[in-house]
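Peer 1: Keeping the supplied structure of chain A fixed, place chain B upon it in accordance with the hints.
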Amino acid sequence: MSLTITLATTRRILAQLRHDRRTLGMLIGVPSLLMVLLRYVLNQPGVFDRFGPILLGVFPFIVMFIVTSVGTLRERTSGTLERLMTTPLGKLDLLLGYALAFGITALVQAAVVGTIALTWLGLDLQGPTWTLFLVTLLDAWLGMALGLFASAFARTEFQAVQFMPAFALPQLLLAGLFVPREQMSTALRWAADVMPLSYAVEAMQELTRHGGVTDTLARDVAVIAGCALLALILGAATLRRRTA
Amino acid sequence: MMSYAVETDGLRVVRGGREVVHGFTFSVPRGSVVGLLGPSGCGKTTLMRAVVGVQIIAGGTVTVLGHPAGDRALRRRVGYATQNPAVYADLSVRENLRYFASVLGARRGDAERVIDEVGLADARDQAASSLSGGQLHRASLAIALLGEPELLVLDEPTVGLDPVLRGELWELFNELAGRGVTLLISSHVMDEAARCERLLLMREGRLLADDTPDALRAATGTQDLEEAFLHVIQEQEAVA
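Chains as they are written, first to last, in our numbering: chain A, 1 to 244; chain B, 1001 to 1240.
Simulated from the structure, these hints should not be mistaken for laboratory data. Do not take every clue at face value.
Unchecked claim - Below, in silico cross-link-like pairs of lysine to any residue (SDA-like), each with a Cα-Cα straight-line distance of 25 Å or less:
1) A:Lys91 / B:Leu1230
2) A:Lys91 / B:Asp1071
3) A:Lys91 / A:Ala111
4) A:Lys91 / B:Asp1090
5) A:Lys91 / B:Pro1029
6) A:Lys91 / A:Leu17
7) A:Lys91 / B:Ala1073
8) A:Lys91 / B:Arg1072
Said to hold, decoys possible - Restraint ranges, calculated between C-beta atoms of paired labels, are given here:
9) A:Phe153 / B:Gly1133: 29 to 35 Å
10) A:Leu3 / B:Glu1204: 45 to 51 Å
11) A:Leu3 / B:Asp1116: 35 to 41 Å
12) A:Leu3 / B:Ser1003: 36 to 42 Å
13) A:Pro165 / B:Asp1224: 42 to 48 Å
Where a beta carbon is used, it is the ideal one built from N, C-alpha and C, also for glycine.
With the rest of the complex left out, here is chain A (with noise of 0.2 Å):
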């Protein structure tokens, strides 16, 4: 792998950002404007304390996924992937061009998205404020790299837009957003017990009830890390030299 590569591939990708405008809008528009909507349908103390940090972790995860699965879905079906893979670029330096790319766009989100929510919607975060940005750089890179391996299994743009809600909402259905996980039947809280998205959630609500890193929190850091790394490796091994 080489730096120089690898950085040069965070410029392509941030550059391809920013001349698409409308894109880096939505990127720190919608969620900002449904951290607003969220404040005020619920407009109840407290509830917003407990719901909004949520909101907060699962953005990151659900656009990059997105944004990931397009993008690289794009690379495969330009040809650019191709081309690379005849160039001196290194899988690895792909993958981290992408993760520093996308930790960047979404540590400006959080940082919009957080400071919303902090002043003007007042939302009370009893732990400290870095944890939340920590927890929301890993969902960021959670979603990114479950979102390369899935671009592997899509043929279509179409295909890859769908493949969202397929590997999202089932997550967070099981997270423990509506249903605490404790009272899902055995199976389900199986399940809900090896999704990623269950930690990411139980650590922004750890971290909106206690002060402090808790054991709990710093569990559920470790998990989200290690899934994140785990499906980087398994995107990794989409990216082939050599094709049929």
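Peer 2: Only chain B this time, still in chain A's reference frame:
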């Protein structure tokens, strides 16, 4: 051995359960311009993919500049332009070239050099998505020229270009060959065949002829390469 830029021996490729390249053996001398000719769907692209090392092969060997095709040592030494322009549509011409230049470790200013060489100077700040088909092809070709590779594998590089531009590009190809670069260029247009030093005629995954244009004309007793090609096909069918 080292006098050849590309050597294949019994190359076989299977795609979608069907053998599409049947035991191909040929060699491309260094510093030559070799045309790969044949109708659409005859296996030209598959063969070129095998040469640059992105094609899974079923049998035989492909040796490029003394290394197995796709070897790590070749990644800066072989330039490849696919048939469909492989560029980032949302980036400008210059951004595309600068990115690939950094990936290839090309020297500073190389991006500007190749933009001029393919005649895209006026469009360098235009987004690739706003380029015409011919300009897009040239942008893709420019990427293949980055870093001054020793072997250029170009899949239909002159498709959709007007005759003047086509002439200019062939001048560039000959100039590169003069500098010792080897070019393997595919085309389905016969009038381009005359510009090559050697021709590989392909049909349905088989190599029909591997010769100079003059020798082909002489062997078939025709002046026109299109007719020579037909002649070769008829001969092969008579044998079979």
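Peer 1: If a hint holds in the structure, say so; if it doesn't, say that too.
Peer 2: Hint by hint, here is what the structure shows:
| no. | hint | result |
| --- | --- | --- |
| 1 | A:Lys91 / B:Leu1230 | violated (45 Å) |
| 2 | A:Lys91 / B:Asp1071 | holds (15 Å) |
| 3 | A:Lys91 / A:Ala111 | violated (30 Å) |
| 4 | A:Lys91 / B:Asp1090 | holds (22 Å) |
| 5 | A:Lys91 / B:Pro1029 | violated (33 Å) |
| 6 | A:Lys91 / A:Leu17 | holds (21 Å) |
| 7 | A:Lys91 / B:Ala1073 | holds (16 Å) |
| 8 | A:Lys91 / B:Arg1072 | holds (13 Å) |
| 9 | A:Phe153 / B:Gly1133: 29 to 35 Å | holds (31 Å) |
| 10 | A:Leu3 / B:Glu1204: 45 to 51 Å | holds (47 Å) |
| 11 | A:Leu3 / B:Asp1116: 35 to 41 Å | violated (30 Å) |
| 12 | A:Leu3 / B:Ser1003: 36 to 42 Å | holds (38 Å) |
| 13 | A:Pro165 / B:Asp1224: 42 to 48 Å | violated (59 Å) |
Hints 1, 3, 5, 11, 13 from the list above are not met by this structure, while the remaining hints are.
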